[in-house]
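Engineer: Please build the complex by placing chain B with the ligand on the supplied structure of chain A, with the hints as guidance.
Chains as they are written, first to last, in our numbering: chain A, 3 to 490; chain B, 2 to 448.
One thing to keep in mind: the hints can contain errors.
[Stated by the list, open to error] SDA-like cross-link-like pairs, simulated, lysine to any residue; straight-line CA separation at most 25 Å:
#1 A:LYS404 to B:ARG278
#2 B:LYS108 to B:ARG278
#3 A:LYS428 to B:ASN138
#4 A:LYS404 to B:ASP448
#5 B:LYS318 to A:ASN38
#6 A:LYS281 to B:ARG397
#7 A:LYS93 to B:LYS137
#8 B:LYS212 to A:GLU280
#9 A:LYS93 to B:ASN367
#10 A:LYS438 to B:ARG278
#11 A:LYS462 to A:LYS140
#12 A:LYS438 to B:THR444
#13 A:LYS281 to B:ARG179
#14 A:LYS438 to B:LYS318
#15 A:LYS404 to B:ASP180
#16 B:LYS318 to B:PHE259
By construction, these hints were calculated from the structure, which means they are not laboratory data.
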Amino acid sequence: MRDYTHRALNQAQAKGATYADIRIVRRETQTLEVKNGVVQTLSLGDTYGFGIRVVADGAWGFASSHRLESGEIDRVASLAVAIAKASALSKSADVDLGPAERHEDTYKTPMKIDPFEVSLEKKIDYLLRADKEARSVKGVRVVEGTLGFERNHKVFASTEGSYIEQTLTESGAGIVVMAVSEGEMQQRSYPNSFGRHQGTGGYEFIETWDLPGNARRVAEEAVALLSAPQCPSGVTSIILDGPQLGLQVHESCGHPIELDRVFGTEAAYAGTSFLTPEKYRNFRYGSDIVNIVSDAVTPGGLGTYGYDDEGVPAQTTDIVKNGQFVGYLTSRETASQLRKIRPEAPARSNAAMRADGWNRIPIIRMNNVSLMPGPWTLDDLIADTDDGIYMITNKSWSIDDKRLNFQFGTELAYEIKKGKLGRIVKNATYTGMTPKFWAGCDAICNKDHWHVWGTPNCGKGQPGQVAHTGHGAAPARFRDVQVGVMKG
Amino acid sequence: MLGESRLAEIAQRVLREAKADQTEVMVSGNDSHLTRFAVNTIHQNVSETDVTVRVRSILGRKTGVASGNELALDTLHRLVRSAETAAGFQEENPESGSLPGPAPAQKVDAYIERTADYAPAERAHGVEKILKMSRKNGLDAAGAFSTEALETYIANSRGVSAYHRGTVASIVTVIMGRDSSGYASAASIDVDDLDPEAMGRIAVEKALSSKNPTPIEPGEYTVILEEAAVGDMLFFLGWMGLGALSVQEGRSFMNDKFGQRITGENVTIWDDGSDPRGLPLPFDFEGVPKQRVTLIENGVAKNVVYDTFTAGREKGKASTGHSLPAPNTAGPIPLNLFMAPGTASKEEMLASTKRGIWVTRFHYTNILHPVQTILTGMTRDGTYLIENGKIVRPLRNLRFTQSILEAFSNIESLGKDLVLLKDEWNSLGTCAPAAKIRNFRFTGTTD
Ligand SMILES: [Zn+2]
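Chain A on its own, in the form it takes in the complex (with noise of 0.2 Å):
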């Protein structure tokens, strides 16, 4: 594989890069998926092929190609150079990478059962279970059951001296269920909805989860939703659970800290963002009982790594600190650039930049952006609580190109009246802005309540890249918030 790298790195300074990277990645995926006691799906996928980026003439290029060989490595490095010479037609400034990264290391996923050593036929089993299950409730109408593994293998080596080798293994699962009769359709999922919850190891992640033994549940709430009545509207407080807590953190922080959107690179696409630089360090983000760190060490959570795209080394960020914003999520180059108008950040990136695979760039992505746990348990806080709606999964996210307003649906919801759970509502939905949300938040679950959620379908970026995000989350309380803004 050294030989391969070389040459690139070799190749594209031959042709005038100033820096260069080679990423070489296999992706092998399999997916399963069961509908309706059936087996719908069962796909083994492969993709390998290797991406050069470049620098030279003080701009940015990238070609790539699934064929690994000596000629078409040259083609590559010489075309990626070829690109970053028209890029720099219109630069405004030279690409500034600040200090140098120089690793030479091995990261492999730390797991206990490996997901590919384990046979179709107990994982479709495992699905099947589930489906009977759900099924077994009157009035279900469609079951899907999904389960889904992922391991890139990558090589990265830059022109700086690094070599990195990661092994990232991922296991995913997940159930829905939809109910439906004349003019209406419900639906429920677990763990979590659009797909699967998914993190970082083994076949251990699907065991712990338990679909064949939370299927029925859902089941039966799909259907209790049918005839359950619309959630009413008006401005009351709001308990989410984890999954659509850790949503709600991807949508409105996550992005938002996006150094790369902050600086309006992402601006066509996804938009910018409300958290510009003179707000570094001096803005009230939320309440102060909301901390929110970036990371990409916690064990099991979908966005850990060794090393990012750029073979910088994973690290731990705060970004939200007692209600205080004081961190973003970086790349080399956006690191230096707001150093440049904000001294007091940090000179190295937080290893934030990803790839969607050998033939994107990397970007900045979240890692696992997670709101801290904090004291309650969530009986005492629903005990707590005069008058309210909890709202459970989500199932349908907007928000505005900045990041401030935003409406969130979710799958189930009850009614807290005088601290206990009442009726089940339908169609529940709720809506606000960023800064005065947060602010409103004044009640966090404790660490027993606390998961890594993964979020294994963001989109950004121009070709299109999905990124597989994790966000841990305990259920809290936000006061003051608009719900039910649905019709019918």
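Structural biologist: Frame of chain A, contents of chain B with the ligand only:
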């Protein structure tokens, strides 16, 4: 790009090696290039060459799928074995039927040499035209200019073989001021159809005219939606309920509505994979020729689209050529949607509006309730208040929460031009006109 004969050779190698009862192979290749700009600078500039081989093996009533992107003979053979092994582990699917047999597909010429050969420096020159205008006006331009060549070959052991190649060029730009922004986008199979200068002019004009936006009370307003916003609704409509599986599962807004009026009489929507005004793909991912399917005609619910599996579940139905890579849980989806244009120009729509809101496009649209076709999302990049036939001031962006079918029942007039809107995530496009709609529901506003 490897070309038809090389893709056919790869496919035949797979089929020769196959031992399953039936085997399908899809070989797809792409050469994709994209120049991305922001803050008036090119900051990302990328190129990709890839080929994917996907094998579907059927053993009795069991199906397995494997895909890879390495073309060496032994790797291809391993791929076939993987798909067959996966199928062997399967449970029987009592509903699984045969792969489709051969049927002649219409050839569509959608490959433009000039687009395929477009050089990085040519894209940079196009981008520079936009950046120049932006700088001159003290604004910040962001966006992407992409050119791409794609080819697909699908064959199966029953004799299906279909090849298509095409090119796609597209430009999207968002040009921003301190508190304002403007948007323009265009797509075509021919890169020479794109006019970066004209797009820069539109986006700059919007960025200048949307400075100092002020809020407006949310509520129901007459809106003039530009094509991108209408296309967004059309896309979601197709995804939520215009495929046969959603009807068979009882979760489509078309359920129990066939033959009945579901929108205003001025709404006609169809799917056509061969119309070069869109981004054509004349057959689906099983190699079945795409039929032109009328979905909603003069407001009446007419048809939904089928793949081989969903057609097999209903008497007298045949696939309309709308399969996604099978098998899948999403079912068939119309991927080449068209909405019939009207006769009005946008200027005429404006002149006839006493009070209303002009919407350039939507942002982050998402489904709230699929059966009721309720969407939510934000306006973006040019939202204005209209009074007495004129734009009077820019507005802060608004959140809408609105049923599509209800909105399509309240269309006062439709634009005379059909505009191709390319999806950000793939090489598919929707063709939509602008629309003037009564009682469109805004439920919030932002800073
Ligand atoms: Zn995201």
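Engineer: Now look at each hint and say whether the structure bears it out.
Structural biologist: Against the structure, the hints come out as follows:
{"no.": "1", "hint": "A:LYS404 to B:ARG278", "verdict": "34 Å, violated"}
{"no.": "2", "hint": "B:LYS108 to B:ARG278", "verdict": "15 Å, holds"}
{"no.": "3", "hint": "A:LYS428 to B:ASN138", "verdict": "50 Å, violated"}
{"no.": "4", "hint": "A:LYS404 to B:ASP448", "verdict": "9 Å, holds"}
{"no.": "5", "hint": "B:LYS318 to A:ASN38", "verdict": "23 Å, holds"}
{"no.": "6", "hint": "A:LYS281 to B:ARG397", "verdict": "22 Å, holds"}
{"no.": "7", "hint": "A:LYS93 to B:LYS137", "verdict": "16 Å, holds"}
{"no.": "8", "hint": "B:LYS212 to A:GLU280", "verdict": "22 Å, holds"}
{"no.": "9", "hint": "A:LYS93 to B:ASN367", "verdict": "36 Å, violated"}
{"no.": "10", "hint": "A:LYS438 to B:ARG278", "verdict": "46 Å, violated"}
{"no.": "11", "hint": "A:LYS462 to A:LYS140", "verdict": "40 Å, violated"}
{"no.": "12", "hint": "A:LYS438 to B:THR444", "verdict": "18 Å, holds"}
{"no.": "13", "hint": "A:LYS281 to B:ARG179", "verdict": "16 Å, holds"}
{"no.": "14", "hint": "A:LYS438 to B:LYS318", "verdict": "54 Å, violated"}
{"no.": "15", "hint": "A:LYS404 to B:ASP180", "verdict": "11 Å, holds"}
{"no.": "16", "hint": "B:LYS318 to B:PHE259", "verdict": "15 Å, holds"}
Of the hints listed earlier, those the structure fails to meet are numbers 1, 3, 9, 10, 11, 14, in rising order.
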